[in-house]
Structure formats: C-alpha cells, structure tokens
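Enquirer: Please construct the entire structure, taking both the sequences and the accompanying hints into account.
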Amino acid sequence: MREYGDIYSGHTRKQRRAVPEVVAERDLVVEDAASGFCGAVVGFDRGYDGEFVKLEDRHGTVRLFALRVAAFLIDGQPVTLVRPKAAAPAAPVRSASGSTRVAGLRARVARTNRIWVEGVHDAALVERVWGHDLRVEGVVVEQLEGLDHLATRLTEFGPGDGRRVGVLVDHLVTGSKETGLTTGLGPHVLVTGHPYIDVWQAVRPAAVGIPAWPEVPRGEDWKTGVCRRLGWGTPQDGWRRVYNAVGSFRDLEAPLIGAVERLIDFVTEDPR
1 MREYGDIYSG HTRKQRRAVP EVVAERDLVV EDAASGFCGA VVGFDRGYDG
51 EFVKLEDRHG TVRLFALRVA AFLIDGQPVT LVRPKAAAPA APVRSASGST
101 RVAGLRARVA RTNRIWVEGV HDAALVERVW GHDLRVEGVV VEQLEGLDHL
151 ATRLTEFGPG DGRRVGVLVD HLVTGSKETG LTTGLGPHVL VTGHPYIDVW
201 QAVRPAAVGI PAWPEVPRGE DWKTGVCRRL GWGTPQDGWR RVYNAVGSFR
251 DLEAPLIGAV ERLIDFVTED PR
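If you number the sequence shown the way this note's numbering does, the last residue is 272 and the count never jumps.
Hints listed in this document are in silico derivations from the structure and should not be mistaken for laboratory results. Every residue, glycine too, gets a C-beta built ideally from N, C-alpha and C. Any given hint might turn out to be false.
Beta-carbon label-pair distances, calculated as ranges [stated by the list, open to error]:
(1) P20 with G233: 57 to 65 Å
(2) T224 with V62: 41 to 49 Å
(3) D49 with R250: 37 to 45 Å
(4) P211 with G162: 42 to 50 Å
(5) K177 with R101: 37 to 45 Å
(6) G138 with K177: 49 to 57 Å
With a straight-line Cα cutoff of 20 Å, these simulated SDA-like cross-link-like pairs (lysine to any residue) come out [what the hints assert, rightly or not]:
(7) K85 with R68
(8) K54 with A18
(9) K85 with V42
(10) K85 with D27
(11) K85 with A66
(12) K177 with G219
(13) K54 with T80
(14) K177 with D148
(15) K85 with G43
(16) K85 with K177
(17) K177 with A259
(18) K223 with A206
(19) K223 with Y196
Expert: Here it is, written out as structure tokens:
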C-alpha cells in the first residue's frame with residue numbers, strides 16, 4: 001500500500017526550504033540577493049530600523065545591506081547572515097598593582113603582621129590598587145585614625161618576632177611632625193610614606209582630569225581648599241572623584257607606590 005505521509009502539509013514542492021544561517025565573519029564573500037551586489041564583509045552598522053552588514057566589492061565600493069532572512073547568496077544558494085557573537089572578555093592576567101593575578105583566589109588566613117594607614121581614604125586607595133595582593137598574602141590593613149595614636153597602638157599590639165607592623169604615613173618629609181612621631185620604633189616596625197600633604201595628592205593630576213593640584217595656604221583645611229578651587233563641591237564630592245579616578249597603580253604617583261610595596265615586602269618576608 002502506498003504511503004502518502006501527512007496529506008495536510010502540502011506537496012513537497014510547495015514547502016519552504018529551511019535557509020541556513022551563516023556567521024558573517026570578516027572577508028566572507030556574499031551576494032545581495034535583491035541587487036546582485038557582491039562583496040566581502042568588512043563591518044556592521046546599527047540603525048533605527050535594524051542591523052546592517054557592510055560589503056566591499058572588488059572596486060573598493062562599500063554598501064550597507066539589512067540583515068534579513070534569506071537576503072544573501074553564497075555560491076548561488078540563499079543564506080541568512082548573522083553577526084558574530086562578541087567574544088567574552090579575557091580575564092585580566094595582572095592585578096591593579098601590576099602583579100600577576102591569581103585565578104580562583106581564596107583569601108589566605110590573615111597573618112599576625114599588620115599594615116596601618118592614617119585614615120579611611122588611605123585604606124580605600126590601598127585596597128583599590130593592592131587589594132588582590134593583600135588577600136593573596138593574608139595581610140590586613142587597619143586604620144590608625146591619625147598618627148597621634150601610633151604610640152598607643154604599638155604598645156597595645158606589642159611588635160616582636162612574628163608580629164611586624166608596617167606604617168604608611170602622609171607628608172613624611174624631613175622636619176615634619178610626622179617624622180618626629182615615627183623614628184626609633186624598633187626593628188619590627190617599618191614606617192614609610194610619601195611627601196604629599198594628603199593621600200589625594202598622591203593621585204596623579206591627569207587621572208582626575210586636572211593639570212595640577214592647587215596650592216592651599218597653611219592653616220586652611222587642605223581638602224576643603226582643593227574642592228573650593230576646583231569647583232568640586234564638598235570634600236565628600238571631591239573624594240568620590242578621586243577614588244573613581246584610580247583604576248590601577250598607573251594612576252598613582254611613584255612615592256606612594258614605592259612606599260606601599262616596601263610595606264608589603266616587610267610584613268610578608270620570611271623572618272628566617
């Protein structure tokens with residue numbers, strides 16, 4: 001007995017053949033079915049009425065064609081061109097500090113050693129640039145809330161073998177109050193710092209879009225004076241600008257970079 005299949009589906013000659021989809025890789029040669037224009041794929045464009053492919057013929061003429069179903073021919077056969085899928089961004093191989101990034105990092109158990117910084121802004125910038133390194137090494141950064149508290153904190157902490165402290169200090173220059181408070185602290189304490197009045201100033205001016213940090217007279221609050229002269233609003237507004245401008249060590253001045261790197265080396269080196 002003859003098999004007729006599905007009699008409601010129509011004759012096979014009347015059924016629409018599936019049109020294959022082809023990824024429009026660069027330099028793929030296709031023909032526009034409507035106009036007969038033949039060219040290689042050289043790019044894409046997007047308009048209010050959809051997406052388009054750019055084709056360049058052998059004379060160098062470039063034309064746009066809408067990416068529609070069965071709108072192109074390859075070897076005389078209709079195809080539907082589709083845009084290549086964007087490749088997933090590769091994971092960065094360097095951390096913000098420039099060190100090799102450790103994939104699948106699980107934070108190490110914290111060491112007894114510590115790094116102390118003067119305030120919240122110092123801590124935030126150190127975390128932003130060196131946070132990955134610190135978690136690899138198991139180093140905790142703590143705030144002093146002002147250098148005047150250093151002596152008390154050291155007495156409480158009790159530096160010694162296996163209990164090192166690295167201290168990051170703002171405005172560490174000869175003859176300053178900061179220098180007087182950070183000398184003669186023993187072999188288990190390392191004080192480093194930068195010459196800038198505030199850690200904001202250790203961010204490169206170009207990173208925050210200014211030619212230079214403005215001069216603020218002695219006796220005037222530095223952050224307030226900077227924001228007033230730059231039109232940044234309040235110090236809170238200014239801090240957001242500074243923090244968001246820092247993406248890596250390249251946005252910081254060399255003295256701050258060197259100071260933090262020395263502290264990390266000091267609190268992570270093998271004491272043997």
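Enquirer: For a C-alpha distance cap of 20 Å, please report whether K54 and T80 respect it.
Expert: 15 Å, holds
Enquirer: Regarding the pair K85 and G43, is the alpha-carbon distance no greater than 20 Å?
Expert: 13 Å, holds
Enquirer: Decide if the proposed pair is consistent with the structure: K85 and D27, CA atoms, cutoff 20 Å inclusive.
Expert: With Cα atoms ~16 Å apart, K85 and D27 stay inside 20 Å; holds.
Enquirer: Does the Cβ-Cβ separation between G138 and K177 fall within 49 to 57 Å?
Expert: Check failed, 33 Å falls outside 49 to 57 Å.
Enquirer: With the threshold set at 20 Å, check whether the alpha-carbon distance from K177 to A259 stays at or below it.
Expert: 19 Å, holds
Enquirer: A range of 37 to 45 Å was offered for this pair. Does it hold for the Cβ distance of K177 and R101?
Expert: Hint holds: Cβ distance 39 Å, inside 37 to 45 Å.
Enquirer: Given the hinted pair K223 and Y196, is their alpha-carbon gap at most 20 Å?
Expert: 12 Å, holds
Enquirer: Between the alpha carbons of K177 and G219, is the straight-line distance 20 Å or under?
Expert: Holds, at roughly 15 Å.
Enquirer: Next pair to validate is K85 with R68; report whether the Cα-Cα distance is within 20 Å.
Expert: 17 Å, holds
Enquirer: Using the Cβ atoms, figure out if T224 sits within 41 to 49 Å of V62.
Expert: Given a distance of about 56 Å, which is not inside 41 to 49 Å, the answer is violated.
Enquirer: Check the hint pairing K54 with A18 against an upper bound of 20 Å on the C-alpha distance.
Expert: Violated, at roughly 25 Å.
Enquirer: Return holds or violated for the Cβ distance of P20 and G233 against the range 57 to 65 Å.
Expert: 59 Å, holds
In this structure, the hints that do not hold are numbers 2, 6, 8 and 16, in rising order.
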